[in-house]
Amino acid sequence: MLTFNQYRKVTSLEEAYELNQKKANKIIGGMLWMKMGARNIGTAIDLSGLGLDKIEEKEDEFSIGCMTSLRDLELHPGLDAYTGGAMRESLRHIVGVQFRNVATVGGSIFGRFGFSDVLTMFLALDSYVELYKGGIVSMDQFAAMERDNDILVRVIVKKTPLSVAYLSHRNTKTDFPVIACAVAQTEQGVKAVIGARPYKACIVWDNDDILKEGISLESAKAFGEYVADHVKTGSNMRGSKEYRSHLIKVLVRRGCQVLGGEQNAN
Amino acid sequence: MKVVNQPIRKKDAMALVTGKPVYTDDLAPKDCLIVKLLRSPHAHAWIEEIQTDRAWKVPGIEAIYTYQDVPQKRFTMAGQTYPEPSPYDRLILDQRVRYVGDPVVIVAGETEKAVDRALKMIKVKYKVLEPILDFHDAKDSDILVHPEDNWKSLCPVGADNKRNLCASEKDSYGDIDRVFEECDVVVEGTYHTKANNQAMMETFRTYTYMDTYGRLNVVSSTQIVFHLRRILGHALDIPKSKIRVMKPRIGGGFGAKQTSVAEVYPAFVTWKTGKPAKIIYTREESQVQGSPRHEMEVTCKIGAMKDGKIRGISVYTLSNTGAFGEHGPTTVGLSGHKAISLYGDLEAYRFDYDVVYTNVEAAGAYRGYGATQGIFAVESTVNELADKLQIDPIRLRQMNMVKEGEKMPSYYGETANSCALDRCVARVKDMIGWEEKFPCRVVGDHKVRSVGISLAMQGSSISNVDVGSANLKLNDDGFYVLGIGAADMGTGCDTILAQMAAEVLECDIDRIVTVGADTDISPYDSGSYASSTTYLTGKATEEAATELRRRIVEAGAKTLGVEADQVEFDGDFVRCLEDGREISLVDLATASMCNNNTAFQVTATKSSPVSPPPYMVGAVEIELDKETGHVEILDYAAVVDCGTVVNPNLARVQTEGGIVQGIGMTLSEDITYSKKGKLWENSFMQYKIPTRLDMGKIRVEFESSYEPTGPFGAKSIGEVVINTPLGALTHAIYNATGIRFHELPITPEKIAMGILEHES
Amino acid sequence: MQIKLELNGKKVTAEIEADMLLLDFVRTQGCYSVKRGCETANCGLCTVFLDDKPVLSCSTLAARADGRKVTTLEGLQEEAAEFGAFIADQGAEQCGFCNPGFIMNALALFRENPYPDEEEIKEYLAGNLCRCSGYEGQLRGILAFLEYKKSKEQKGE
Numbered sequence: 003m004l005t006f007n008q009y010r011k012v013t014s015l016e017e018a019y020e021l022n023q024k025k026a027n028k029i030i031g032g033m034l035w036m037k038m039g040a041r042n043i044g045t046a047i048d049l050s051g052l053g054l055d056k057i058e059e060k061e062d063e064f065s066i067g068c069m070t071s072l073r074d075l076e077l078h079p080g081l082d083a084y085t086g087g088a089m090r091e092s093l094r095h096i097v098g099v100q101f102r103n104v105a106t107v108g109g110s111i112f113g114r115f116g117f118s119d120v121l122t123m124f125l126a127l128d129s130y131v132e133l134y135k136g137g138i139v140s141m142d143q144f145a146a147m148e149r150d151n152d153i154l155v156r157v158i159v160k161k162t163p164l165s166v167a168y169l170s171h172r173n174t175k176t177d178f179p180v181i182a183c184a185v186a187q188t189e190q191g192v193k194a195v196i197g198a199r200p201y202k203a204c205i206v207w208d209n210d211d212i213l214k215e216g217i218s219l220e221s222a223k224a225f226g227e228y229v230a231d232h233v234k235t236g237s238n239m240r241g242s243k244e245y246r247s248h249l250i251k252v253l254v255r256r257g258c259q260v261l262g263g264e265q266n267a268n
Numbered sequence: 020m021k022v023v024n025q026p027i028r029k030k031d032a033m034a035l036v037t038g039k040p041v042y043t044d045d046l047a048p049k050d051c052l053i054v055k056l057l058r059s060p061h062a063h064a065w066i067e068e069i070q071t072d073r074a075w076k077v078p079g080i081e082a083i084y085t086y087q088d089v090p091q092k093r094f095t096m097a098g099q100t101y102p103e104p105s106p107y108d109r110l111i112l113d114q115r116v117r118y119v120g121d122p123v124v125i126v127a128g129e130t131e132k133a134v135d136r137a138l139k140m141i142k143v144k145y146k147v148l149e150p151i152l153d154f155h156d157a158k159d160s161d162i163l164v165h166p167e168d169n170w171k172s173l174c175p176v177g178a179d180n181k182r183n184l185c186a187s188e189k190d191s192y193g194d195i196d197r198v199f200e201e202c203d204v205v206v207e208g209t210y211h212t213k214a215n216n217q218a219m220m221e222t223f224r225t226y227t228y229m230d231t232y233g234r235l236n237v238v239s240s241t242q243i244v245f246h247l248r249r250i251l252g253h254a255l256d257i258p259k260s261k262i263r264v265m266k267p268r269i270g271g272g273f274g275a276k277q278t279s280v281a282e283v284y285p286a287f288v289t290w291k292t293g294k295p296a297k298i299i300y301t302r303e304e305s306q307v308q309g310s311p312r313h314e315m316e317v318t319c320k321i322g323a324m325k326d327g328k329i330r331g332i333s334v335y336t337l338s339n340t341g342a343f344g345e346h347g348p349t350t351v352g353l354s355g356h357k358a359i360s361l362y363g364d365l366e367a368y369r370f371d372y373d374v375v376y377t378n379v380e381a382a383g384a385y386r387g388y389g390a391t392q393g394i395f396a397v398e399s400t401v402n403e404l405a406d407k408l409q410i411d412p413i414r415l416r417q418m419n420m421v422k423e424g425e426k427m428p429s430y431y432g433e434t435a436n437s438c439a440l441d442r443c444v445a446r447v448k449d450m451i452g453w454e455e456k457f458p459c460r461v462v463g464d465h466k467v468r469s470v471g472i473s474l475a476m477q478g479s480s481i482s483n484v485d486v487g488s489a490n491l492k493l494n495d496d497g498f499y500v501l502g503i504g505a506a507d508m509g510t511g512c513d514t515i516l517a518q519m520a521a522e523v524l525e526c527d528i529d530r531i532v533t534v535g536a537d538t539d540i541s542p543y544d545s546g547s548y549a550s551s552t553t554y555l556t557g558k559a560t561e562e563a564a565t566e567l568r569r570r571i572v573e574a575g576a577k578t579l580g581v582e583a584d585q586v587e588f589d590g591d592f593v594r595c596l597e598d599g600r601e602i603s604l605v606d607l608a609t610a611s612m613c614n615n616n617t618a619f620q621v622t623a624t625k626s627s628p629v630s631p632p633p634y635m636v637g638a639v640e641i642e643l644d645k646e647t648g649h650v651e652i653l654d655y656a657a658v659v660d661c662g663t664v665v666n667p668n669l670a671r672v673q674t675e676g677g678i679v680q681g682i683g684m685t686l687s688e689d690i691t692y693s694k695k696g697k698l699w700e701n702s703f704m705q706y707k708i709p710t711r712l713d714m715g716k717i718r719v720e721f722e723s724s725y726e727p728t729g730p731f732g733a734k735s736i737g738e739v740v741i742n743t744p745l746g747a748l749t750h751a752i753y754n755a756t757g758i759r760f761h762e763l764p765i766t767p768e769k770i771a772m773g774i775l776e777h778e779s
Numbered sequence: 415m416q417i418k419l420e421l422n423g424k425k426v427t428a429e430i431e432a433d434m435l436l437l438d439f440v441r442t443q444g445c446y447s448v449k450r451g452c453e454t455a456n457c458g459l460c461t462v463f464l465d466d467k468p469v470l471s472c473s474t475l476a477a478r479a480d481g482r483k484v485t486t487l488e489g490l491q492e493e494a495a496e497f498g499a500f501i502a503d504q505g506a507e508q509c510g511f512c513n514p515g516f517i518m519n520a521l522a523l524f525r526e527n528p529y530p531d532e533e534e535i536k537e538y539l540a541g542n543l544c545r546c547s548g549y550e551g552q553l554r555g556i557l558a559f560l561e562y563k564k565s566k567e568q569k570g571e
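Residue numbers (our numbering), protein chains in the order written: chain A, 3 to 268; chain B, 20 to 779; chain C, 415 to 571.
Note that these hints are calculated values from the structure, not bench results.
Since the structure is predicted, the reported quantities are computational estimates derived from the model, not experimental observations.
A couple of the hints might just be wrong.
On the chain C side, residues computed to face chain A include the following (Cβ under 7 Å) [as the list claims (entries may be wrong)]:
{"id": "1", "residue": "Thr454"}
{"id": "2", "residue": "Lys467"}
{"id": "3", "residue": "Val469"}
{"id": "4", "residue": "Gly541"}
{"id": "5", "residue": "Tyr562"}
Where a beta carbon is used, it is the ideal one built from N, C-alpha and C, also for glycine.
Work out the full structure, taking the sequences as your base and the hints as a guide.
Printed below as a string of structure tokens:
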């Protein structure tokens with residue numbers, strides 16, 4: 003059980019930032035993960051009064067407030083169209099609608115959880131986080147950063163031309179992924195993002211130009227093997243590292259096939 | 020029949036769907052002390068010291084108890100008829116702790132926060148002992164789980180605490196070794212199932228208070244009010260006359276609540292302090308200190324001739340009862356008797372078993388009660404045999420399965436008086452499209468569709484042991500009150516028993532009010548378990564209603580001035596056959612309340628010398644992804660013979676629910692321990708029961724036989740329904756992959772990695 | 415701390431502890447339909463509406479309901495009875511413990527998507543666990559309710 007004596011619904015980011023400098027105080031986000039541990043914190047800092055629960059679609063980017071629920075993200079028509087359904091696919095398996103109405107984008111990204119579908123998906127896009135003090139940082143840079151006391155204000159997705167496929171394998175349909183996988187065809191080439199390995203999601207670019215001549219069954223397969231070779235996997239309750247590496251081959255290949263136009267590859 | 024065999028709505032349905040406060044925690048007094056337990060972090064340890072002084076200083080703390088404060092007579096928490104086969108191996112708190120989660124200290128206080136604070140301040144010094152975590156190592160180990168001298172076994176079940184044996188037996192019929200020698204083909208396999216959790220939505224919970232008469236009142240989410248009264252009497256070492264047990268609505272049981280998992284703690288607090296108390300288990304507590312299925316390893320050997328004739332079956336079961344012996348000696352029996360007996364006309368069988376103590380969570384009763392595990396082994400072995408013999412698995416079964424009228428030596432010598440297994444098999448074969456689909460079809464680069472099948476059986480009550488009772492009373496306005504000691508745990512027994520009474524009394528079901536269960540008020544009933552309520556309490560209800568009807572007819576005839584055989588009763592009026600004069604039931608009932616010497620109240624009690632098996636056949640079609648190992652259930656066809664179906668809706672939902680639990684057990688519900696014996700799957704985040712996206716499509720039909728000893732020809736339904744998915748899915752997975760799995764759950768990883776290994 | 419909210423249409427002012435969960439709060443207000451089935455946000459039994467959206471009250475602070483609208487099954491009795499009757503007619507309510515959360519979320523589904531197909535129903539309700547029914551009866555009940563709703567609307571009722 004999560005316990006605390008003080009709750010503060012802040013009226014400005016500055017107020018939140020100041021409170022957050024004290025180690026015992028925590029920004030609670032959707033509070034889903036934080037609540038599960040048995041711990042005592044000082045002040046629970048709530049950002050829900052700052053109007054940061056909206057997705058703004060601009061001409062060249064989506065600006066997603068940190069308190070936007072995963073459910074709103076899943077249902078956003080612009081994001082759905084831009085990602086060709088991949089955004090929705092990355093979210094719809096997460097526990098249930100009520101859970102996703104509570105869970106926030108900011109909490110999901112800031113936590114940089116190993117199991118995160120959300121981080122895996124955003125890493126496949128041309129995305130950034132806006133930190134209150136740290137400014138705008140690319141998603142992969144942010145993923146690599148140590149946790150600090152800054153505040154994640156927004157997630158920004160640039161409408162860079164790309165096509166993306168999202169796949170995951172789960173032992174049951176709404177469980178954590180055993181492997182989460184996003185494959186994106188970008189102007190810089192193809193990249194695969196592998197999450198739930200079970201470490202934090204990572205990006206593997208097609209640096210060997212395996213897919214340069216186009217996506218065929220052979221090249222997709224070869225890229226799957228390439229990615230599996232370049233991603234460290236580990237074992238936990240949901241799967242062994244061997245199985246995960248095997249799944250990476252399968253899901254990356256299938257992801258490529260989806261990008262190549264095979265609707266039923268998965 | 021007008022009321023029986025009708026899909027009548029459950030009496031409590033509208034209260035439940037509108038969310039009325041009808042469960043234990045909704046009803047508990049608001050001033051209850053909150054009771055929580057400090058639990059052992061060690062799988063096996065000896066408590067050297069417990070410091071509670073700092074905890075006592077927390078404001079609002081009312082009571083703290085350790086092993087030094089509790090009675091020293093051992094008891095069992097198993098809800099079974101006295102003398103219980105389960106050993107007396109428990110104390111409320113013990114100086115020896117035997118698994119991770121074993122209660123060490125009881126704390127009661129005014130608020131949850133105070134109790135949580137106090138729990139953190141208690142310091143326990145343990146001498147950590149080496150545990151037995153692998154049940155293969157338990158028998159005759161140097162480490163003893165129960166070395167204590169006051170351990171005792173009340174029944175001759177082969178128990179010996181100095182050998183870690185909770186039970187052990189050898190049973191046989193004919194010369195099995197000779198039969199195996201003579202067989203053309205002998206197939207053998209060992210099948211391992213885990214300590215699966217019932218995972219009912221309402222966790223264990225109880226509240227207790229003292230009443231006007233200085234008696235301990237216990238309101239609990241339990242299947243066994245009468246057994247619970249006895250258990251608490253033993254545990255607290257107080258007279259049973261001082262205890263009253265009641266159950267409100269129960270949020271699911273499936274056998275979990277056939278063990279008094281949580282009741283002793285608040286009961287002890289209230290008895291000591293005189294104050295109301297309640298305990299609400301968390302999901303984690305329900306997982307780690309519940310009463311799950313017995314982990315079993317069942318070795319099955321079947322001998323047959325080339326033409327497919329099965330001549331003999333042997334089963335050896337090693338069962339893991341964990342730290343305590345609840346239901347250990349009895350569940351194991353079903354793993355043989357209710358599995359082997361699916362096959363009739365055997366020349367010989369052998370069934371041996373050992374039930375061992377280990378330092379993991381104690382097991383208990385879970386729907387299927389050992390039959391589930393045994394049937395998985397026997398049916399999987401039969402499927403392998405069919406493969407060896409190159410005979411269609413359905414045809415092999417049709418040749419060998421038990422038929423109506425056959426004597427069943429492996430089923431306590433009973434005769435199958437009602438058995439529609441043949442019709443069930445034929446129907447399932449059509450429903451699933453076996454001819455076209457067996458064994459498999461490739462449907463894509465990496466996907467295969469395949470089918471699998473399993474038979475199942477169970478019993479209906481424990482023969483010569485269980486007692487079912489019903490009390491039926493006529494009231495003014497001509498309505499009836501049906502008092503029962505069986506516990507409706509959502510299954511609908513309050514309704515189906517009323518249907519039976521209404522059938523006999525020729526009235527609308529709304530004229531029957533069902534009340535239960537309360538040890539002070541209800542007629543004695545063993546409780547709702549062992550698939551006994553429909554069959555046994557149902558029979559008692561039928562008899563009580565028949566006798567009450569007789570009294571109504573007699574009283575009516577007397578009023579009309581004629582003999583009883585000269586009137587008829589249509590449910591509303593007793594009418595003279597000759598001249599049509601009549602008296603209404605309302606008038607009779609009202610008259611009975613003035614100057615009357617005849618009771619319009621009847622209690623009937625039943626035990627049964629037999630336990631007629633319900634039968635079931637399940638066939639599944641799956642689509643298996645050979646790369647990821649994912650199994651998608653496309654279609655689950657099931658046909659059940661539960662005798663007469665008392666309420667088709669409720670029987671169908673029982674069946675569907677049981678099948679989904681079986682699917683969970685087969686595909687996703689795992690139980691694993693750390694090296695130190697900590698259970699990993701201690702939440703719904705880790706213990707994955709199926710969601711509605713995981714269970715595919717289920718189709719259920721009934722093929723009814725008529726059970727002569729049952730009420731209106733009915734047998735049980737509650738347990739048999741969980742038994743087919745294990746064998747059927749394992750068979751389908753084999754047919755898709757060529758891999759025989761011997762351990763559940765069969766996870767996608769096991770399938771995918773198995774295929775890789777198979778191919779290389 | 416003090417919170418003011420609208421609970422089932424009524425204005426409520428209450429003094430609460432900062433870390434009190436919405437689930438525990440609504441139960442202290444007599445909304446006993448709201449149940450807890452786990453501690454890990456997996457079961458859906460505690461579903462309530464917060465400003466008309468279904469949320470897990472086990473993972474929502476009561477403090478966060480300040481100034482907002484909270485609805486439990488106690489506030490939706492007519493709708494619950496109308497829809498619940500179709501679940502009852504399948505015998506699919508069974509033990510009933512998961513029913514309030516399930517029915518809340520089903521009502522949320524019907525508001526969001528008045529005529530969902532089977533797949534949409536299953537996906538929307540995936541976060542509502544049930545151990546008794548095997549889900550099939552709940553699905554039959556929902557489909558029967560949708561048929562009834564459709565015919566009611568066609569008749570212009």
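The hints, checked one at a time:
| no. | hint | in the structure |
| --- | --- | --- |
| 1 | Thr454 | holds, 6 Å |
| 2 | Lys467 | holds, 5 Å |
| 3 | Val469 | holds, 5 Å |
| 4 | Gly541 | holds, 1 Å |
| 5 | Tyr562 | violated, 24 Å |
Checked against the numbered hints listed earlier, the structure breaks hint 5 alone; every other hint is satisfied.
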